[in-house]
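Here are the chains, one letter per residue:
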Amino acid sequence: MLDVARIREDFPILASEVNERPLVYFDNSATSQKPQVVIDALVEFYSRKNSNIHRGVHHLSEVASGEYEASRTKVSQYINASRPEEIVFTNSTTGSINLLADSLSRSYLREGDEIIVTEAEHHSNLVPWQMACERSKAKIRMLPMEDDGSLSVERLKGMIGERTRLLTVSHVSNVLGIVNPVEEIGALASANDVMYVVDAAQSIPHLPIDVNRIGCDFLAFSGHKVLAESGIGVLYGRHDRLLDLPPSQGGGGMVNKVTMERTTYADPPLRFEAGTPNISGALSLAVALDYMSDIGLRDIIEHEEMLTAHMREGLERFEGLQLYGTADPRVPLFSFNIDGIHHYDLGLVLDKMGVAVRTGTHCAEPLMERYGVKGSVRASLAFYNTIEEIDVFFESLEKAVVLLG
Amino acid sequence: MLDVARIREDFPILASEVNERPLVYFDNSATSQKPQVVIDALVEFYSRKNSNIHRGVHHLSEVASGEYEASRTKVSQYINASRPEEIVFTNSTTGSINLLADSLSRSYLREGDEIIVTEAEHHSNLVPWQMACERSKAKIRMLPMEDDGSLSVERLKGMIGERTRLLTVSHVSNVLGIVNPVEEIGALASANDVMYVVDAAQSIPHLPIDVNRIGCDFLAFSGHKVLAESGIGVLYGRHDRLLDLPPSQGGGGMVNKVTMERTTYADPPLRFEAGTPNISGALSLAVALDYMSDIGLRDIIEHEEMLTAHMREGLERFEGLQLYGTADPRVPLFSFNIDGIHHYDLGLVLDKMGVAVRTGTHCAEPLMERYGVKGSVRASLAFYNTIEEIDVFFESLEKAVVLLG
Amino acid sequence: MKDDIVSMQKDIVASFRGLDDWLDRYDLLVSSGRELPPFPDEERNDENAISGCQSNVWIKMGIENGRMTISADSDAAITKGILALLIKVLADRTPQEVAESDLFFIDETGLGTNLSPSRSDGLRIIIKTIRDFARSN
Amino acid sequence: MKDDIVSMQKDIVASFRGLDDWLDRYDLLVSSGRELPPFPDEERNDENAISGCQSNVWIKMGIENGRMTISADSDAAITKGILALLIKVLADRTPQEVAESDLFFIDETGLGTNLSPSRSDGLRIIIKTIRDFARSN
Ligand SMILES: Cc1ncc(COP(=O)(O)O)c(C=O)c1O
Ligand SMILES: Cc1ncc(COP(=O)(O)O)c(C=O)c1O
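So the sequences go chain by chain: A, B, C and D.
Take the first sequence: its position 27, counted from the start at 1, is 27 in the numbering used here, and no numbers get skipped.
In short: position in the second sequence from 1, add 1000, done, that's the numbering used here.
In short: position in the third sequence from 1, add 2000, done, that's the numbering used here.
In short: position in the fourth sequence from 1, add 3000, done, that's the numbering used here.
So here's chain A without its partners, still in its complex pose:
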């Protein structure tokens, strides 16, 4: 069992007060907080190891290069990739998906090809595909979600046709919190020879990710959502797929040979890492994933299931509350509205009670449209949140409703 009190001590910001009340940070899907080990790793790097990488022969450059590559290895192991070269460091999930979509738009996608995306995607896993379609004249087809927020593999099966070349789905939607059946979808994609891309931005802080079991060709996530720095992201690509992928950006470090007339490119992953990468970001991600492993995903999941159940119960009891996405299994991430009250008002009042939630469209406008709302309140929890915080959240929500109702 998770010793949450102990774990909270690792996160300096969790002891903060906001508006003279203890901070209740329920905005973890937007970004996670950072444990002291991650902060210490940054200090250590910039105080003792900082150097650029890329063919430096001096000591510091060796150290920095070594740690950067060790971070790549660590990430590859964490998601069970077959080799470190399958890990491309980017600046974020958004950066990963843009790299991929842009590159595919000039190599893999052809006029008339179809890309299937779901109705619940974050803009970062939708707009890059729209752009890729503009560039390649491929078309987007939308897989609608079921009324309970789940995805139907049956319905998906019916959509896959001759021209379907790519299928992308978020492992966990950042609005619904529902865990999609990515393995089942992977089997379907592979049976139909469809390239399969998974957005793991919201699953990486909650669930074990195994790219082999998922059976995806590509998978993307951000460091900042899983305890690491902002500005670092990952694109996993199956080795043979990466080999086929042309670079999206050019610059230092990604070339083989450059002349004014012609440039040849390095092998993956370097081919996709133009310029000086976010070295400290990569290091911080390795430390963050180690921290997750040290605590243990099993204990994390157990604790989060408890949080999920307690939240769910409270939300269901709450009068006039509409929860978006009711299917199971899920992570402790909940979007809702309360009849007759604007989500923005709720967010502001909760904040004054120390409770940080997110309000708005959550970068998922098609999904908001489906529900016919302009936005919602989202409370998203992490393993360092507690049952007591949930109780404060509900008390505050009740007060807000009295005030605003």
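Hint data in this document are derived by calculation from the structure and do not stem from the laboratory.
Values in this document were obtained by computation on a predicted structure and should not be read as measured data.
Watch out, some of these pointers could steer you wrong.
Stated by the list, open to error - Only pairs whose alpha carbons sit at most 30 Å apart, straight line, appear in this in silico BS3-like list of lysine-lysine: (1) B:Lys1399 / D:Lys3002; (2) B:Lys1374 / D:Lys3060; (3) A:Lys257 / B:Lys1374; (4) A:Lys374 / B:Lys1257.
Said to hold, decoys possible - Far from chain A, by Cβ distances over 12 Å, these chain C residues were calculated: (5) Glu2042; (6) Asp2046; (7) Arg2067; (8) Ser2101.
Ideal placement from N, C-alpha and C gives every residue a C-beta, glycine not left out.
With chain A held as given, fit chains B, C and D with the ligands onto it using these hints.
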């Protein structure tokens, strides 16, 4: 006058030992070291302020958003931009130039248009333009450098023709260290109605940058080369130019309205900042630029001129040493070879004496080709380096030559 | 006659400062919003809409006898409260007074910090809209 | 008979460890390189070139009487010295011995840390080339 001893205390890494000798860090053009204030700012951010930005209504989100935008303002003031909206945060110089080149390749550049780049460009200011040319069928023309490493504005004038639509030049070459006449070139570009892009990656740590005086349409640099974190870069774009620029990447935060069918984009700079940006990176850049201003560019330049003169003298006296780029004015950055000795051997031996230099092609293969060499040694200094360190460098170089010669 | 812009704001600041608790202050704000005269449905159009806020905001302005008329609405109660305060302070003034006004009550009540996220900055846009109107009239 | 792979490496480690100063160690390394038999010009071709190093490296391997022959060259003196040590340890062994060898001398002399930058990793590529040849023969 600069109190270098005092300043060195601000940089914890400068007190390191390497191979049991005091570190002499002469690899500053690859990346700069970080002062304690920058490191402290990271700790402070992640311990007390961390949150995602983008429409959060809660306290931490307000704080983080406020600091992120204040950093934008700070950067705009540092380079004398007309307004904060002219500053786009990217992940690096390379990221900035790729964003720009990609975006122009789908909006501004047409088949048969000509782009002028110089022979001395870093791959990051060459390969993205090659890619843009592939996409738009525009053509690259190369401005050769003069034998002393300088650029001839006369020669450039002769190259500009009917079809010249874009001209890009590095303010300071990362191999030659020579300061190019960017203002004069700017006047020429503007007289001929040619879009003008400046790569300021190597000038930002040494010189005051004034985008208005330079007269450029766009300018790019990296935070990590000017005391800030890795993973943060800047693309300055004149407001009217940015307004005309389509986005290069899609995702959260850069849209106006998204539906499955059609997406409209936000105004600059947000249009170009898809996804969660490197928030701590942007903050660290503001702190770094403040630190530079507090010391004062005047004192920095004065000290660096002394370093430059001392280096220059020693290099000229050194037997069998070929210096690449002899023109003035310059920053304290020198590339050279020693007859009959491989640059790689020199780099390795210097490292064992505690002296960190870079060896290789410095991501500038066309320039190496021009000199007919496979690589060189580069010693690049910062304002925190000293005359004594230069003396250690030359002593070590002499020992290396005895060993290897 | 109506109090001048400064004293009006001072009154507002005093009444908010008099309340210890943020819940009470928001209560006051929401009540102010409720007192706004109803905003006609037909005026909830694109022309009067302010974009860039997290809630829907409509503002209709005019000039009568050399003085500004302002009516406004929002679907969010707190935004509506702020609109009510702005109307209290700025309506029925000459355009020049409005254009030159220093709106210190927003910061001094503490309402500003929470109502002007630096990016989506709804309140700043609202104030700019009112000032722009005043300046061009 | 030639010493076995392990004792040969132990000797090398001992002679490097015997030197206090890095300059002396590099001196020894460079001298080892100088003792390599000249590498024929016509063998400096693409086929024998190893790419991925900061210096040019050529390696030519063969099998004679069931044992490996290795000749090599580099335009960098230190790389050449390392090649000389590798040849000392690995040449004239059976392919199986080479394939199975544990090259601890690289780390234990401290030469490795500086000669295997994690990215351009010349030394690792060189060793892999030799081992791959051994394995396929
Ligand atoms: C002149 C020049 N341009 C561009 C770059 C690329 O900078 P970054 O690697 O930070 O993207 C460099 C860095 O070495 C440089 O020196
Ligand atoms: C499901 C999903 N995909 C993608 C993203 C984009 O992540 P980032 O902003 O780190 O690029 C997010 C972040 O909110 C997300 O929740």
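Now for the hints, and whether the structure bears them out:
1. B:Lys1399 / D:Lys3002: violated (36 Å)
2. B:Lys1374 / D:Lys3060: holds (23 Å)
3. A:Lys257 / B:Lys1374: holds (12 Å)
4. A:Lys374 / B:Lys1257: Within the cut-off at roughly 12 Å; holds.
5. Glu2042: At about 21 Å from chain A, C:Glu2042 clears the 12 Å cut-off, so the statement holds.
6. Asp2046: Consistent with the label, C:Asp2046 stays out of reach of chain A, its closest Cβ about 16 Å off (over 12 Å).
7. Arg2067: holds (31 Å)
8. Ser2101: holds (25 Å)
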